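> Going down the list, the sequences are from chains G and C.
If you're matching positions, the first sequence starts at 900 in this note's numbering and goes up one per residue.
If you're matching positions, the second sequence starts at 880 in this note's numbering and goes up one per residue.
A few of these clues could be false.
Below, in silico cross-link-like pairs of lysine-lysine (DSBU-like), each with a Cα-Cα straight-line distance of 35 angstroms or less [stated by the list, open to error]: (1) C:K1026 - C:K891; (2) C:K921 - G:K1068; (3) G:K1271 - G:K1068; (4) G:K966 - G:K1264; (5) C:K921 - C:K892; (6) C:K891 - G:K1068; (7) C:K954 - C:K921; (8) C:K952 - G:K1068; (9) G:K1054 - G:K1033.
On the chain G side, residues computed to face chain C include the following (Cβ under 7 angstroms) [said to hold, decoys possible]: (10) G917; (11) V920; (12) A921; (13) T923; (14) Q926; (15) G1057; (16) V1061; (17) S1065; (18) N1075; (19) D1195; (20) S1297; (21) F1298.
Hints are computed from structural coordinates only; laboratory data are not their basis.
Remember, predicted model here, so these are calculated numbers, not experimental data.
The beta carbon of each residue, even a glycine, is placed where N, CA and C say it ideally should be.
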Amino acid sequence: MSAYDLPDQRGHFGPYGGIFVAETLMQPLAELRAAYERLRADPQFQEEFTEDLRLYVGRPSPLYPAKRLTANWGGARIYLKREDLNHTGAHKINNTIGQALLARHMGKRRVIAETGAGQHGVATATVAARFGLKCVVYMGSEDMRRQAINVYRMKLLGAEVVPVESGSKTLKDALNEAMRDWVTNVENTFYIIGTVAGPHPYPMLVRDFQSVIGREVRYQIMEFEGRLPDALVACVGGGSNAMGLFYPFLDDAEVALHGVEAAGEGVATGHHAATLCAGRPGVLHGNRTYLLETDDGQIIETHSISAGLDYPGVGPEHAFLKDSGRARYAAITDREALAAFHELTRIEGIMPALESAHALAYAAKLARELGKDKSIVVNLSGRGDKDIHTVAQLEGISF
Amino acid sequence: MARIAQRFAELKKQGRRALIPYVTAGDPESWVTVPLMHALVKAGADILELGVPFSDPMADGPVIQRAAERALKHKVSLTQVLDMVREFRTGDAATPVILMGYLNPIEVMGYEAFAGRAAAAGVDGALTVDLPPEEAGELRQALRRHKLDAIFLLAPTSPPERIRRIAAAASGFIYYVSLRGVTGAAHLDVREVAAKLEEIRRHTDLPLGVGFGVSGPEAAAAVAAVADAVIVGSAIVRRMEESAAQPDKILTEVPRFLAQLRAAMDGTAPQMQASGASR
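Full structure from sequences and hints, please.
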């Protein structure tokens, strides 16, 4: 098999990806593509990026052998990639640093972003403060209500948070609104997309910036196992933490890749966000990928306990990896994720984000399936502090 | 001859510019659309642009997005939009109808099925906002097989090589987006538009329509002086929104507004007053 080299020149991962935007955005995307192609090959840019990841984000993040968890599950050896220990508490910052550097090189002084739970918004506001860029974050008004603390956090960082009242007032609508801002202000504005979705080159460049996760795992696992892990597990909303982990392993056929979506109240109930497991291919937000939609092709509202997985699309590269069979995708319910949240907190003293708890819940099943002589790396994509309110509320506790 | 080309040929002979109003199908109620289409033709529309509602209209401003939301409340589907065109055709065999919308509902129906059903319903062309020519090959072929025009956008940011490519892919007419931004934005700079249209004309003989920012009679007149067609969307949809609670009023207010645009446009091209009066 030849080495994996997608996307192609036009941003296609097989039938997925591509550029599906109005003509107004074609030229700005071409400029972004040209700038990224140039900087991607520029050692000085890569050096700048690597230094910021080291000194500002705190990389490399540890690969932690979770021995008590392993014993508890009684199966494969579990390693946690601790993206939760990054500055701002999640993997999101790897990408926002990269894109902010790109913005600076392109001479753009204003950055915009969409956010659902607020994690990507906070990561964008953070790097905007760090680089002295003006920052506007679009957030569904419904999400702003649910994530008031993150809204305040962004404001403290100097960002303007614009409530989005259209549609379902959630992440997908914030994305529409950010696109509109970009189309209007493209001359001085850089749009920092938070996941491996959107028109080419976004899925590629976000993946590239996040792939530091998998590159670190490749050498970190050697200390413990002396060989590559048998399986990687990561949660998938848009899918950036999963792509970041998977990408450096795509050519290693012996490493199984598992993406975990949000089954919400159960895929059969219709209240879920399991796009790859239950959706079908379509076109949204600038790319062709799997979508959750009605029979008429209208995008539907999704449900998950975890706002970061609550998205009706998914990165096009995941769509490709699913169809090609290179990666497998499963879904975990709210209830299972919540149980995993508690388990990790109590057993290892690590409070995972509810997003990451989906990956953990699936890893527990996989560990038993694989058995004791195998190893699994789970991407702990974020910390759970942001979810304490959600968890408390579900358990009937008010502060 | 295709209805769109024929209409532009007639207008050219008369020295007139086309007036193309946009309405979202099913806004605010499904029954409004067909009578409104007839009323718009009576008020001076030369071609009708019918919006297919989509849940995530990324290239539209808030006005047209809300129109889509009103229509989607009654679950107006692409199939129903085609039914509306079929019904319109029973009373009007001459006025070209263009569907404007996003790719996903067409993907779900299937390109070939869409083109076949649209042609059978009496549709003349399709403008798929989020489908640039690079990705449009298959849909264009399906449209061509059923003798439908594929209408494409050009923008102020389109460089010469894209103008050439789009001019080669397009048929019917080319829709020039007169400003950066989404539908319904302000600040239309007619001089800038005129310069760009001149550049585009070096690459194509297709008629050029201008839209995105034609807010009222003055802008319509100014655009009519430089373009082959004036496309008015948000300004009309805004008036529909104002009367959304009384759909009957829409059927009088919106055509009245269109008639004002028509009058303003006709004022800019004096040679066409005779034919204008006959409408």
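> Going back to the hint list, which numbers does this structure go against?
2, 3, 6, 15, 16, 20 and 21
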